[in-house]
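A.B. asks: Here are the chains, one letter per residue:
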Amino acid sequence: MILSVQHVVKTYGTYRAVDDVSLEVPKGTVFGMLGPNGAGKTSLIRMITTITAPDEGKIYLDGELLNSRSPEKIGYMPEERGLYKKMKVGEQLLYLAQLKGLTEKQAKDAIDYWLNRFEITDWWEKKVEDLSKGMQQKIQFIATILHRPRLLILDEPFTGLDPINTNLIKDEIRLLNESGISIIFSTHRMEQVEEMCNHIVLINKGKNVLYGDVQTIKKQYKKNLYEVETDGVLPDGAQVPFPVVKHEKNTYTFQLDREETSSDLLRFFLQQPARVVRFQEILPSFNEIFIQRVAETETTA
Amino acid sequence: MSKLSLIIKREYLTRVRKKSFIIGTLLAPVGLLVYMLVIVGLSAYQGGDEVRVAILDEAGMINQIPDERGVRFIPAANKNLDQLKQEVMERKIDGVLRVPPLANFKQTDHTVYYYSEDKLAPEKSELIERRLATKIRDFKMDSLRLDVEQLKLLDSEVSIDPESLTGEDKDDQSKYTVGVGLAIGGIMTFLLFFMVLMYGQMVMRSVMEEKTNRIVEVIMSSVRPFDLMMGKIVGAGLVGLTQVVAWVVLSGAVSFLVPMIFGLDSPPPGAMESAGQADPEMVQDMITRIMSELSKQNWLLITTSFIIFFLGGYFIYASMFAAVGSAMGDDSGEGQALTLPATLPLILAFYIVSMAGWRNPDSGLMVFASIFPLFSPIAMPFRMAFNPPWYEVALSIVLVLATAVLFVWLAGRIYRVGILMYGKKVTFREIGKWLFYKG
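Note that the protein sequences, when read in sequence, are chains A and B.
Letter 243 of the first sequence, counting from 1, is numbered 243 in my numbering, and no numbers are missing.
Letter 218 of the second sequence, counting from 1, is numbered 218 in my numbering, and no numbers are missing.
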């Protein structure tokens, strides 16, 4: 486990921003942290990044209780992010990298490597305020990973990025992940979660309401819906042993019972004159799971 | 390099390399020089064209008055008022001064009449009045047959010389002691007030800038909030010290170089006499005595106390400004009221010193102000040139340093919460709550 959060509580005055949250991030995963605005994601991340300390509970990074050396192993790109506008790109990166514990020499080498990689070596002397928003985001990203963190925490990393830069950063995140860096990815954009994450946690009202690996959760939340497309319409009088929830032209959506399997459905179709063109289980999107789970916790609360 | 020193280095270098800092540091002594030249120029200014004034002395009290500072006195014997008025109209002279006779010797106020098409400038009118008064006085003395030498003996100059009760006379005081003390105290007070206010506000702006830039959360994931705040306070404080040192060196260089460049090693001989009534010997004497007073001061003590009180005062106020800056953030307009607790005591202290301090540096109010830690950084250095009791100084130093530590700690607690608080209007009540947040 790269990160282990155990029964963490954080209160501000009388407000419980994080309420007994536990979770574990396996090494080498892309871990999605989801939740509506104000759910306590940022409060939790701030504790992981040692910006604040938990009132109760413990957080372990790579097996060690969080300590003053921990920030050097973490790269954090907050949602509220920015750079010193009047500072030159090179100086700024040098400063931020040194604050993360690199020596001047190490920092310079790392900056050279990344500026080369993004083909922006001529930016060293440029002031940040002279760069476009997208360019600034690139610098911000470089600043976050210069010190080769073990754990990278990205809070809404793609807001304000155009599609080209989004893809560029996505590719870099994938490469970093392949090179062994674990990533926590906080967002409310569900399609990004499905695209990038292996594990997720869903936080609502300061509590961990859903947690696990993506495939397991999807299975857990599936409703046994199957979509079948045929090359002809089923005869009007056909005895369909399964309820049809949706029918459009040649495409049928069936609701199966818990005991029934996809094989039972296929077996039925084998006896029909119309041939099966497409057969697919409908898994819930994370958006649906998200809304369902939030609604559930709201009513139980 | 430790993270704190990295922060201090950045804060210091970005400020010192700014054009505004370099220009301000270089231009201030030049500005001072220009200011001094303007003052000298203004005082030497004669007040317009020469005025030719004919004196119609009806009682024969006034003989010749020498021409002076743009006024030419023309005796008008054998002419009557009408003839003289004619001359004014023909522009041969500018005005006629008619001096009527005195009713008797007991008359102490006397009106003279001036006929002219132009108004007399106040400065010239005053000069004429003074010269006529002297002439009338001479006339009275002459008429009453008074001995001028004996009259001079009537005037005595009295000065109080403070003596110590123990009889130790190591620092013999004179009226110059007080004057020099006030000057030293005044300069220190002004410098401290100015520096604490200016650099304290610099810390505030810098904190707000990081908050509005949104870089602060990035930095906070690398360093502790307290280190970031301290780095800012120390960095800006060092910029302030750099500026003062630069000013001292530059002012020294300017005051040394300028006379060499313009070749004025001393004021021209005539200037001194016409500028005032003082004769050169007295001026020389005054300068030597001021110099001796200056050399008698305990400079080591004054400089040390200046540094101690600067550090104490700067840390107290800069930490307040840092806390306020962290709470204000995005909109500087709405949060203006939050700066009051930081600026008000500072201004009040300066006000107390400039009102009460000048009159009596050892008054009860000043003693209080020089011990109360929010005022003492401004008030105590003012008293240092007047040998305040050592226990008051010691108490004041202990209090100011303890308060500085306390305020830095309190500010740290406010700062760590405020700096991460976005888009929320903050009240004093709320800030009070932050003090008790854990972690």
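Hints listed in this document are in silico derivations from the structure and should not be mistaken for laboratory results.
C-beta atoms are modelled at their ideal positions from N, C-alpha and C, and glycine is treated no differently.
Fair warning: there could be bad hints in the mix.
[Said to hold, decoys possible] Residues from chain A that face chain B, not an exhaustive set, calculated with beta carbons under 10 Å: (1) 11; (2) 78; (3) 87; (4) 90; (5) 98; (6) 144.
[Claimed, not checked] Dumping the calculated DSS-like pairs for lysine-lysine here, alpha-carbon to alpha-carbon at most 25 Å: (7) A:85 x B:18; (8) B:119 x A:127; (9) B:433 x A:205; (10) A:88 x B:433; (11) A:127 x B:433; (12) A:127 x B:18; (13) A:86 x B:3; (14) A:127 x B:425; (15) A:85 x B:79; (16) B:119 x A:88; (17) B:85 x A:108; (18) B:18 x A:73; (19) A:86 x B:433; (20) B:425 x A:88; (21) B:425 x A:205; (22) B:119 x B:79; (23) A:126 x B:119; (24) B:9 x A:85; (25) A:73 x B:79.
A.B. asks: Could you run down the list of hints and mark each one as holding or not?
C.D. replies: Here is what the structure says about each hint:
Here the hint on residue 11 of chain A is kept, as its CB sits about 8 Å from the closest CB of chain B, short of 10 Å. With its C-beta approaching chain B no nearer than about 4 Å, residue 78 of chain A sits inside the 10 Å limit, and its interface hint holds. Hint on residue 87 of chain A holds. Least Cβ distance to chain B is approximately 7 Å, under the 10 Å limit. The closest approach between the C-beta of residue 90 of chain A and any C-beta of chain B is roughly 13 Å, which is over the 10 Å cut-off, so the hint fails.
Checking residue 98 of chain A against chain B by beta carbon gives a least distance of about 5 Å; that is within 10 Å, so the hint holds. Checking residue 144 of chain A against chain B by beta carbon gives a least distance of about 8 Å; that is within 10 Å, so the hint holds. Restraint check for residue 85 of chain A and residue 18 of chain B: satisfied, since their Cα atoms lie roughly 14 Å apart, inside the 25 Å limit. For the hint linking residue 119 of chain B to residue 127 of chain A, the alpha-carbon distance of about 63 Å lies beyond 25 Å, and the restraint is violated.
Taken as a hint, the residue 433 of chain B and residue 205 of chain A pair is honoured in the structure, with Cα atoms around 23 Å apart against an allowance of 25 Å. Proposed proximity of residue 88 of chain A and residue 433 of chain B is contradicted: the alpha carbons are some 38 Å apart, above 25 Å. For the hint linking residue 127 of chain A to residue 433 of chain B, the alpha-carbon distance of about 39 Å lies beyond 25 Å, and the restraint is violated. Distance check on the hinted pair: residue 127 of chain A and residue 18 of chain B sit about 14 Å apart at the alpha-carbon level, within 25 Å; holds.
For the hint pairing residue 86 of chain A with residue 3 of chain B, the CA-to-CA distance comes to about 21 Å; that is within 25 Å, so the pair holds. Our distance criterion of 25 Å between C-alpha atoms is broken by residue 127 of chain A and residue 425 of chain B, whose separation comes to about 32 Å. In summary, the hint linking residue 85 of chain A to residue 79 of chain B is not supported, as the alpha carbons are separated by about 83 Å, beyond the 25 Å threshold. Our distance criterion of 25 Å between C-alpha atoms is broken by residue 119 of chain B and residue 88 of chain A, whose separation comes to about 65 Å.
Of the pairs offered as hints, the one joining residue 85 of chain B and residue 108 of chain A is violated, with about 91 Å between alpha carbons and a cut-off of 25 Å exceeded. Between residue 18 of chain B and residue 73 of chain A the alpha-carbon distance is near 34 Å, which puts this suggested pair outside the 25 Å criterion. At most 25 Å may separate the alpha-carbon atoms for a hinted pair to count; residue 86 of chain A and residue 433 of chain B exceed this at roughly 34 Å. The hinted pair formed by residue 425 of chain B and residue 88 of chain A fails the criterion: a straight-line CA distance of about 33 Å is larger than 25 Å.
A threshold of 25 Å between alpha carbons decides the hint, and for residue 425 of chain B with residue 205 of chain A the separation of about 23 Å falls inside it, so the pair holds. About 23 Å separates the Cα atoms of residue 119 of chain B and residue 79 of chain B, which keeps this hinted pair within 25 Å; it holds. Taking the CA atoms of residue 126 of chain A and residue 119 of chain B, the gap is about 66 Å. The hint is violated against a cut of 25 Å. Between residue 9 of chain B and residue 85 of chain A the alpha-carbon distance is near 18 Å, which keeps this suggested pair within the 25 Å criterion.
Only pairs whose Cα atoms come within 25 Å are accepted, and residue 73 of chain A paired with residue 79 of chain B is rejected, the gap being roughly 106 Å.
The earlier numbered hints that this structure contradicts are 4, 8, 10, 11, 14, 15, 16, 17, 18, 19, 20, 23, 25.
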